[in-house]
Amino acid sequence: MKSSKRKNIKSMHHKTASKAPVDLKSVRKKKRAEEIPNQPNTGMLKRREFFMLLVFTLSLFFMLYRVGFIQFVKGEEYQKKAYYTQTQKRQINPKRGTIYDRNGKGLAISASVDTVSVNPNALRSELNNDPGELQELAEGLAEILDMDAMDVMKVFNRNSRFEYVKRKIDRELGARVRNYVVQEKGIKNIYIDEDSKRYYPNGSLAAHILGFTGIDDQGLAGIELKLDATLKGMPGKIMNEVDVLGRPISFSKERYVEAVDGYDVFLTIDETIQYFTQKAIEQAALDYNLKRGAAAIVMNPNTGEVLAMASYPDFDPNHPDAKPYFVDNPEWLGFASVEDTELLWQTVFRNRAVNDTYEPGSTFKAITAAAALEEGVVTPETTVVCKPYSLAGHTINCWRAGGHGQEDFTHAVYNSCNPVFVQEALAVGIEKFYTYVRMFGFQKRTGLEISGEPTDEEYRNLWHKEPKEIDLAVTGFGQRFQISPIQLASAYCAIANGGNLMKPMLVKQISDSNGNIIQKFEPQVVRKVISEETSKTIRTILEGVVSEGTGKNAYVSGYRIAGKTGTSETLQTESEGRYVVSFAAFAPADKPEIVVLLVLDHPQVAMHLRSGGILAAPVAGKLCEDILEYLQVERQYSERDMKEMTEEVYVPSLVGLTVSEAIEKLKAYGLKYVVEGSQAEDAVVKDQTPKADFSIPQNSTVIIYTEGSPENNMVPMPDLTNKTVDEATATMKNLGLNIRIRGEGMALRQQYEPGTPLQKGEVVDVEFMLLIAD
Amino acid sequence: MKRKREYDFWLLFTVMVLLAMGVIMVFSASSYYAAYNWNNKFHFLIRQLLWSCVGLVCMFVISNIDYRRLAIISPVLMLISIVLLILVAIPGIGAKYNDARRWFNLGFTTFQPSELMKLSLIMFLSFSLAKNSGKLRFFFRGLVPYLLIVGFVDLLLLLEPHYSCAVLITLVAVVILFCAGARIFHFLAIGVPTIAAAACLVISSEYRLQRFLAFLDPFADPQGSGYQAVNSLYAIASGSIFGRGLGKSLQKYLYIPEPQNDFIFSIVAEELGFVGAFTVIVLFLLLIWRGVRISMNAPDMMGSLMAIGITSLVAIETIINIAVVTATLPVTGMPLPFISYGGTSMLFVLASMGILLNISRNSVNNFNPVRGSELLKRARQGEG
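Sequence lines, in order, name chains A and B. Quick note: the first sequence, position 164, residue 164 per this note's numbering, numbers continuous. Here this note's numbering = 1-based position in the second sequence + 1000.
These aren't lab readings, by the way, just hints derived from the structure by calculation. Treat the hints with caution; some may be incorrect.
Below, in silico cross-link-like pairs of lysine to any residue (SDA-like), each with a Cα-Cα straight-line distance of 20 angstroms or less [as the list claims (entries may be wrong)]:
{"#": "1", "chain 1": "B", "residue 1": "K1248", "chain 2": "A", "residue 2": "Y78"}
{"#": "2", "chain 1": "B", "residue 1": "K1248", "chain 2": "A", "residue 2": "I470"}
{"#": "3", "chain 1": "A", "residue 1": "K74", "chain 2": "B", "residue 2": "F1242"}
{"#": "4", "chain 1": "A", "residue 1": "K80", "chain 2": "B", "residue 2": "D1217"}
{"#": "5", "chain 1": "A", "residue 1": "K253", "chain 2": "B", "residue 2": "L1254"}
Please construct the entire structure, taking both the sequences and the accompanying hints into account.
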């Protein structure tokens, strides 16, 4: 091996030799040189020198290969990394899309603010690493921004090219910072960039639907989370090639990639209806001291659009982590504390209309009735018997002890008779009944565009796995299984609209910032569940429930409201009041435009008042009235309405008239009178109660003073609680007070506390309520 | 009869081209650094130009001095170099910079005695070996004394410390001894145990091993030990085929520390691309080829050894420099001859080119085995 190498070198050497005529002589003399011990071996010298040339050449070729390898094989990878270190990037946040209600009213708006950031490395170098100047700047900045100078210094001393100093400050404050930093100090490496901040002009309105955003404008809940990708847009950036300290280099052009604003989202929500709905459950929560809050949904049954969806307790998305009203903890930290955050998610952030499930109770009887009617096992006129029903060792009673006896099916619904619904459910049969359950959309997600709805599996787990007859029996009147409010509201839409189950909708349209429509959402029929005929029949029956049956407290004169009460007991929460009362309604009954579902969880009122008919129905009735009025649905007064309506009159001015003239006038107005003082016909009236131009019910009594004054003619307000209308009217009359009767049944609330001194003749509002156990 | 002989044209041409490239690249690489540190972006350009001119003058003067005359004073130069190396290591005399005491501060410039030592040693070895090359066949009588001299010089360099120069001087000395006829077996006998011992030393300590291995993956610590290598690789990779264009390097914006010095080749590769790097390497190849050719055609053994010494000095410096820049070897302070910025080192490189040119002028077709001193005598008598 060695010898062959030598030969090679030799032969190569010969080639060189022939090119440059070097050494015929030297080869000859080589021999002689070898003979002389101290003479140099010139052949070897040249061979070895030539060998070194080869070594150096090969080494340099290897270096050339290394350069090529770095440039062409590793090139892209290294260039990418190099680009990353050589380029400074500042992000420009896009304007987040606005969330509008169905009429284009802004519910979530992004306002322009400023964000202050710094390139700490470049800043320190800009100030020649002078800690004194840095400190001075930090103090100045901290004072304007209301920060701790130490914190600002910490940021300034970071080994970094980009840090935030303070984010999302008012533009006005931003201008002050700009003035201080740029004009006054001439600093280049502190930036005041435009940013945007989410703002919810109506506070807690639709908070659970809208959700809220975090510091980076990212959606964290509700529509803000669900449609985050649509709303957020594409961030832009300012890119600069910079030196190692982050200072832009001379020939680098600032590259500016413009931000693309997010799309606007139009919800199906109506701001006004949402407001009514939220007010209604808030008031209910206060009146009934609801231990577990409340939920309400208003939908358009014909399209499946959600017009309002409310949950209580709620929050203000402008300050999502503010301390909820029911928390006493003085060391509330909000999102800074894991426990506080957890509490928020479990309470105020919960959208009870979608996230929570409950036992629907009698409101579910509408579904049972629909199935039975559709299957033809019963007609409205079919005679049924309401008496305790025994099945598999259980006895099912009606809410009225002993039951209602023999009645037609329509009245069984009016009276919400459990035994009748057990019979009808059994008549439909297990397989068919549960098919209807599924057809109405239960046991499956509704697919509403908001996060937090239970999954199909979670829904299924809230029902009997393999239902037996007894399971079917209790399911027939809505107990021992759970559904979410949005499911029930959707099912009521199908009942109300002629039998089509609609996919509930929350988003109507998505458009870009110039108003071009990007996506429009059309109502979707999921399936036909019942026939138009059956739908019509149930509409009539449920209207009767409100006008004559257990739903009477929801009655509103002039509006044909149909609905069903619901009261369910949960077994686990006895200490908290264990009842969930609800009311599901639609109106007008002949041509429904709204479906309203109201769920009040764990009311803390007297035991005998804990029923859907007493607690939920009046709230739902009032809510329906407000909404229908707002939707400008004309009132159609029935004959009964006309009869029951007591006309109000304006009290005429009597002062200065003689007693006879005054009496004449009052008679003309349909009012009664009592004269205090001189009864002489020509005595002059000095004062009167009620005063002129007050609106009072007809047949009220006006007190006329010829002597003395109303201030000296006072009576204490009596306690009318639990008196009937007649009893209350008599009591008031005896005291010389006027009464304005609202509702029917038992007196529930009176305008003045018992014992309040009132002038004789004053009109007092008294609310009456039918005491219904379901 | 005296005959005016020609310089080796290609050598002169290569040197001039490399020098010109050096001036341009030093300016390009250093302008931002100079503006940042001296507030004058021409700081290094002016000095590089000045030293190049001084160096060129020096080169032409020396090229006119017969190398054999120079060789005679090489023992003196060697002594002076040793004294200077000792002096520079003494605190207070030598200037300290980056934890190493390698420089004399002369006020207007600094001077590295190790630069002088490189040249002195090459000349001294050539001078001595021309007389004693026959003895080199013997280990103790021939090779060992020379190795002791080299070892002594290395020891002085390690005092400063100046490891890269010690390695360089050792390698150059080995090349000279090898060409002069030392036995390969002797080198192996010394080299293999030495390398083995060094390897053991490295492996025995976890810390040293880590340091040694760090260069294999500079990206493991891009902000620390791998910083220079990583940024050098970024620069080279950014060049691609034709480069970013002259003056458009981004890595010179202080990413590469002192970009005009040891890492200038990566700036060349970044601004002029593979084409530029290729050109530089080809120019060095040309220079090395001419250098080896001159050594092979030298009129005597002394000239031949001196030529190969000087050529291998430039070659090894170039190879190590590019190897470092391409992260093929661990980072060590080795400038790229002609191109890197450097005052006195530039002067010495050009001076050595002067010697090489002078040897080329004396090239002969007939190799004269007579000893250099005798040849000189004959030259004086007009026989050359």
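A quick look at each hint next to the structure:
At most 20 angstroms may separate the alpha-carbon atoms for a hinted pair to count; B:K1248 and A:Y78 meet this at roughly 17 angstroms. Between the alpha carbons of B:K1248 and A:I470 the distance comes to roughly 86 angstroms, so the proposed pair goes past 20 angstroms and is violated. A threshold of 20 angstroms between alpha carbons decides the hint, and for A:K74 with B:F1242 the separation of about 16 angstroms falls inside it, so the pair holds. In summary, the hint linking A:K80 to B:D1217 is supported, as the alpha carbons are separated by about 18 angstroms, within the 20 angstroms threshold.
Pair hint A:K253 plus B:L1254 holds up; C-alpha atoms about 19 angstroms apart against a cutoff of 20 angstroms.
In the structure shown, a violation is registered for the earlier hint numbered 2 alone.
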